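Each residue of the sequence shown is one higher than the last, beginning at 1 in full-length UniProt numbering.
Derived by calculation from the structure, the hints in this document are not laboratory data.
Note that the coordinates shown come from a computational prediction; the quantities given were computed from them, not determined experimentally.
Check the hints yourself; a few may be wrong.
[Unchecked claim] Here are the simulated lysine to aspartate or glutamate pairs, EDC-like style, with alpha carbons at most 16 Å apart: (1) K54 x E32; (2) K57 x E29; (3) K57 x D20; (4) K64 x D20; (5) K54 x E22.
[What the hints assert, rightly or not] What follows is a list of derived Cβ distance ranges for each label pair: (6) F47 x P15: 32 to 40 Å; (7) S14 x L73: 32 to 40 Å; (8) F47 x K19: 28 to 36 Å; (9) G16 x D66: 38 to 46 Å; (10) A70 x E25: 29 to 37 Å.
Where is the CB? At the ideal position from N, CA and C, for every residue including glycine.
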Amino acid sequence: MFSPPWIESTRTLSPGSPKDIELPEDNPEVMETICYALHHRIDMVPFQEMSGQKVLKAAQLIDKYDLSTAMRLVTDKWLC
Numbered sequence: 001m002f003s004p005p006w007i008e009s010t011r012t013l014s015p016g017s018p019k020d021i022e023l024p025e026d027n028p029e030v031m032e033t034i035c036y037a038l039h040h041r042i043d044m045v046p047f048q049e050m051s052g053q054k055v056l057k058a059a060q061l062i063d064k065y066d067l068s069t070a071m072r073l074v075t076d077k078w079l080c
């Protein structure tokens, strides 16, 4: 995504000015939960509070971004 031909690659990368990439089709609350899990912030990952609808949306994003291996332990817990 940060190399050609993607539009995001046309701007200069620098630690002082990170890129904002809009993902309007992704549910922000579910994406935040996935990011917490991927960054080992398990204290921020809801387990009992995940409704069936949110689990479905999470599954769609996990599939979209090919995160099934990284998210396996969390998703197993959601489905128990």
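For each hint, the structure was consulted:
no. : hint                  : result
1   : K54 x E32             : 12 Å, holds
2   : K57 x E29             : 10 Å, holds
3   : K57 x D20             : 22 Å, violated
4   : K64 x D20             : 19 Å, violated
5   : K54 x E22             : 20 Å, violated
6   : F47 x P15: 32 to 40 Å : 34 Å, holds
7   : S14 x L73: 32 to 40 Å : 34 Å, holds
8   : F47 x K19: 28 to 36 Å : 32 Å, holds
9   : G16 x D66: 38 to 46 Å : 30 Å, violated
10  : A70 x E25: 29 to 37 Å : 21 Å, violated
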